[in-house]
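Trainee: Chain by chain, the residues:
2 protein chains.
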Amino acid sequence: MMRLLQITADLLIKKKLTLSVCESCTGGMFGSMITRVPGSSRYFSGGIIAYSNRVKESLAGVRCKTLKGYGAVSAEVAKEMARGVRRRFKTDLGIAITGIAGPSGGTSKKPVGTVYICIAEGHSVHTEHHIFIGKRDQIRKAACARAFRFLSLLLIRNEKS
Amino acid sequence: MMRLLQITADLLIKKKLTLSVCESCTGGMFGSMITRVPGSSRYFSGGIIAYSNRVKESLAGVRCKTLKGYGAVSAEVAKEMARGVRRRFKTDLGIAITGIAGPSGGTSKKPVGTVYICIAEGHSVHTEHHIFIGKRDQIRKAACARAFRFLSLLLIRNEKS
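Protein chains in written order, with the working numbering: chain A, 32 to 192; chain B, 32 to 192.
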């Protein structure tokens with residue numbers, strides 16, 4: 032994992048890109064992982080732990096009607112979280128994670144383990160949907176690991192294009 | 032550690048208190064630990080990962096002159112972070128952690144491992160100053176563990192008084 036963190040860090044530095052995060056189910060774990068790398072302040076500004084819906088609205092800029100219409104765990108809310116944190120923190124990239132870590136809160140349409148990860152860059156947003164298997168903390172860790180892979184692949188792809 | 036998390040959770044629920052966090056050197060680790068406990072949304076609203084000084088100012092409400100006068104790692108900044116997040120998130124308690132996790136950034140007056148933890152409740156603020164020994168991630172983990180102990184002891188003390 033530390034290798035993936037370092038690869039992501041090196042790519043961000045090389046491309047002179049800055050990053051902010053907006054986390055719901057992971058509660059700060061993704062930010063904690065980013066800042067494990069010494070010198071992460073070069074590219075990481077910080078983020079919002081948007082655990083309650085009220086914070087998703089008031090700080091992350093998610094619209095009430097999006098929350099009501101699609102639910103807090105949805106691609107639509109993930110997109111608004113990523114765009115909102117990017118805008119508020121004035122960073123090149125904004126990453127959002129929202130999901131159901133369990134053990135309760137799952138439904139037949141959105142079972143425990145459902146996670147949406149979204150990366151906003153410029154006017155684009157890139158979204159992934161996953162259903163992770165495991166206990167609460169395994170799901171949260173899997174979501175963070177997947178978010179790092181998502182980010183690093185996006186940075187590598189941009190490099191090639 | 033999980034036992035301490037659960038004790039803190041039980042106390043917060045029993046006292047019907049809500050909590051928000053403002054993290055600098057721990058980068059979200061404290062929030063991640065709070066949300067390991069299922070049902071933490073009952074008392075945890077979220078927080079700000081105030082990694083850069085700009086975010087400490089713009090989101091956490093730390094004054095520019097406090098940052099310049101005392102430095103980002105100081106009791107004064109920790110207090111403004113704790114008060115700021117409590118106010119912005121409208122929670123009963125606000126907890127802030129700011130420190131130097133290293134390996135660089137230390138000085139003779141503020142060596143690597145220097146950490147300030149502050150809890151704001153009502154008009155009161157409670158501050159602790161520590162110098163933890165170890166590598167970057169050990170210092171960050173020690174700071175979070177100590178913040179949990181600080182919070183739980185405060186909740187227990189309030190219970191008795």
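No lab work stands behind these hints: they were computed from the structure. Don't take each hint at face value.
Which copy is meant is left open, because identical chains are indistinguishable; a pair holds if it fits in one copy or across any two.
Simulated crosslink set (SDA-like; lysine to any residue; CA at most 25 Å straight-line) [unchecked claim]:
| hint | residue 1 | residue 2 |
| --- | --- | --- |
| 1 | 99 | 37 |
| 2 | 99 | 179 |
| 3 | 45 | 136 |
| 4 | 45 | 85 |
| 5 | 172 | 36 |
| 6 | 166 | 41 |
| 7 | 121 | 98 |
| 8 | 99 | 69 |
| 9 | 47 | 88 |
| 10 | 141 | 71 |
Trainee: Work down the list of hints and note, for each, if the structure agrees.
Mentor: Here is what the structure says about each hint:
1. 99 - 37: Classified as neither; 38 Å inside a copy, 31 Å across copies.
2. 99 - 179: Neither. Shortest intra-copy (29 Å) and inter-copy (34 Å) distances fail the 25 Å Cα cut-off.
3. 45 - 136: Result: close only across copies, 22 Å inter versus 41 Å intra.
4. 45 - 85: Answer is between: at 22 Å across copies they meet the 25 Å cutoff, but 37 Å inside does not.
5. 172 - 36: For residue 172 and residue 36, the Cα distance is within 25 Å both inside one copy (14 Å) and across copies (18 Å).
6. 166 - 41: Intra 32 Å, inter 21 Å, cutoff 25 Å: inter-copy only.
7. 121 - 98: The answer is both: 24 Å in one copy and 20 Å across copies each meet 25 Å.
8. 99 - 69: between (40 Å within a copy, 23 Å between copies)
9. 47 - 88: Intra 30 Å, inter 23 Å, cutoff 25 Å: inter-copy only.
10. 141 - 71: between (34 Å within a copy, 20 Å between copies)
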